[in-house]
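Peer 1: Sequence:
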Amino acid sequence: MAEKITKRDINYSEWYNDLVIQSGLAENSAVRGCMVIKPHGWAIWENMKSILDKKFKDTGHVNASFPLLIPKSFLEQEEGHAEGFAKECAVVTHYRLKTHPDKKGKLIVDPESRLEEELIIRPTSETIIWNCYRGWIQSYRDLPILINQWANVMRWEMRTRLFLRTAEFHWQEGHTAHATQEEAVEETLKMLDVYADFMENYMAVPVIKGVKTANERFAGALDTYCVEAMMQDGKALQAGTSHFLGQNFAKAFDVKFLNKEGKLEYAWATSWGVSTRMMGALIMAHSDDDGLVIPPRLAPLHVVIVPIFKNAEQLAAITEKADAIIKELKALNIIVKFDDSDTAKPGWKFAEYELKGVPVRVAMGMRDVENNTVEIARRDTKEKTTVANENLGAYIQDLLEKIQQNMYDKALAFRTANTFVIDTWDAFTAQIEKGGFIYAHWDGTSETEDKIKELTKATIRCIPMDGVEEAGTCVYSGKPSNKRVLFARAY
RNA sequence: CGGGGCGUAGUUCAGCCCGGUUAGAAUGCCUGCUUUGGGAGCAGGAGGCCGCUGGUUCGAAUCCAGCCGCCCCGACCA
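Numbering that gives the first Met the number 0 applies: residue 0 is where the first sequence begins, and numbers increase by one.
In case anyone wonders, no lab produced these hints; they're calculated from the structure. Fair warning: there could be bad hints in the mix.
Using C-beta positions, here's what the derived DEER-type ranges look like [stated by the list, open to error]:
1) A393 <-> P345: 18 to 28 Å
2) E389 <-> N200: 29 to 39 Å
3) T318 <-> N405: 30 to 40 Å
4) A42 <-> T472: 45 to 55 Å
5) P66 <-> R158: 27 to 37 Å
6) R158 <-> N62: 29 to 39 Å
7) P345 <-> G59: 44 to 54 Å
All values reported here derive from a predicted model rather than from experimental measurement. Backbone N, C-alpha and C fix where the C-beta goes; we use that ideal spot for every residue, glycine too.
Starting from the given sequences, assemble the full structure and let the hints guide the process.
Peer 2: Structure, rendered in structure tokens:
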């Protein structure tokens, strides 16, 4: 009997923790706030990476790598950026240890090795990258620069949760430089679309695209765009961000180029990123009390075949049938595993692969061998069907597509059922307690936003991009408003 | 950094209040046999600086002090 996962409706956050650990995605490490991503978790992340990486390359970007350590002075260059990140930076002050003079085997920081200029571990890389761009950009002919890096970064968080908020996390950060404002804005929105497409078509998580309010804006950006998703507890999770940085970093790092008219101009910047936090979104959007539910397009393993046998002869007979199926599936690029280990019983294997989120399970016993059938179980609905072996490859390929689609449809239906249009303060506060997304009017001031957050813990997730102009009054202050914004409690 | 809780077998925990045999259970692990269509059964076995340091005591997992670490709730945040 495996350890029990806390049920979702008993304690959602315990369910999440139990699930991440028991499904073998990740665990806490010896270093507080830093997680170990285990093979199963990393395999999903790798799939996310390779899909996104292709999309970045298809949109003209190239990868590079910039240093982990950033001189403290770089962070000071852009004021908003500095203020935003200063309080969560790990700082390197020394470069050497030495043995303790009295205690054998103990090491101490060598006070002689203090760095002249302290280095910070990157919380994000705008500064060190724009410092480089100064050397790379002289003319409009050098633009645009479209660079992405896959990296780890560190933000010294007070409270951490596996995948959702860790001190060290893995992500990609795109950093582009452009000759014109229009082109930079276009890039910002283009990458937001890449993210939205990825979330919806691969993660099977519907998202709302929008702009952040001033309060929620990235430190150093003029505009921050985001994709917001709803988790099964009705809370919002920001799954990706794309920033229009204007000329802030070009000015801070003195990045100027000669335009066609021979005049010096500051370059225009964007940055955009998604992180291992998406793993949290994936888990919380789809999984259930039995374990992970992974959409086929991200699953490290699509199909597991579990033989049910009493002896070696039976296993041989089943294996022969299974081999044909495996061959057929592999020809269709379906990733399949035949689990013929005799160290665990079939029932145990069923539960284990459900916990790991494998989309399709094929069970084969002697009954099936005789009838030329298999039993197919889909992870998303837990339905079991007995099907004939003929054209099984095509059947499973089609089933994987259906699972992918069903997971999206289900997530979308859940979001729709938990999204409310609200006009009164009483209704607003009542609904926020119950969870979900709320579209309400807002007077556009930070003061009102802060007040609402203080009173309800809800924040403005974004000003939706597909929102329509509509006259109304602010749900809190009663002042006039011309557009609804999206409120929710968030991760 | 505030408020609370907890450190005992790989894991989850009992024992501590009220000090006294060889420190227990469940689960997991190993071996063997029987099993195998939803987390099997029986038998045997291995596994512990009781978080660390010091103190009290004839004697400490248990009492006292200090330290370290972890978890939960707040403030901060992708």
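Peer 1: Each hint should be assessed against the structure and marked as holding or not.
Peer 2: Do the hints match the structure? See the list:
{"no.": "1", "hint": "A393 <-> P345: 18 to 28 Å", "result": "holds (26 Å)"}
{"no.": "2", "hint": "E389 <-> N200: 29 to 39 Å", "result": "holds (31 Å)"}
{"no.": "3", "hint": "T318 <-> N405: 30 to 40 Å", "result": "holds (31 Å)"}
{"no.": "4", "hint": "A42 <-> T472: 45 to 55 Å", "result": "holds (50 Å)"}
{"no.": "5", "hint": "P66 <-> R158: 27 to 37 Å", "result": "holds (28 Å)"}
{"no.": "6", "hint": "R158 <-> N62: 29 to 39 Å", "result": "holds (32 Å)"}
{"no.": "7", "hint": "P345 <-> G59: 44 to 54 Å", "result": "holds (50 Å)"}
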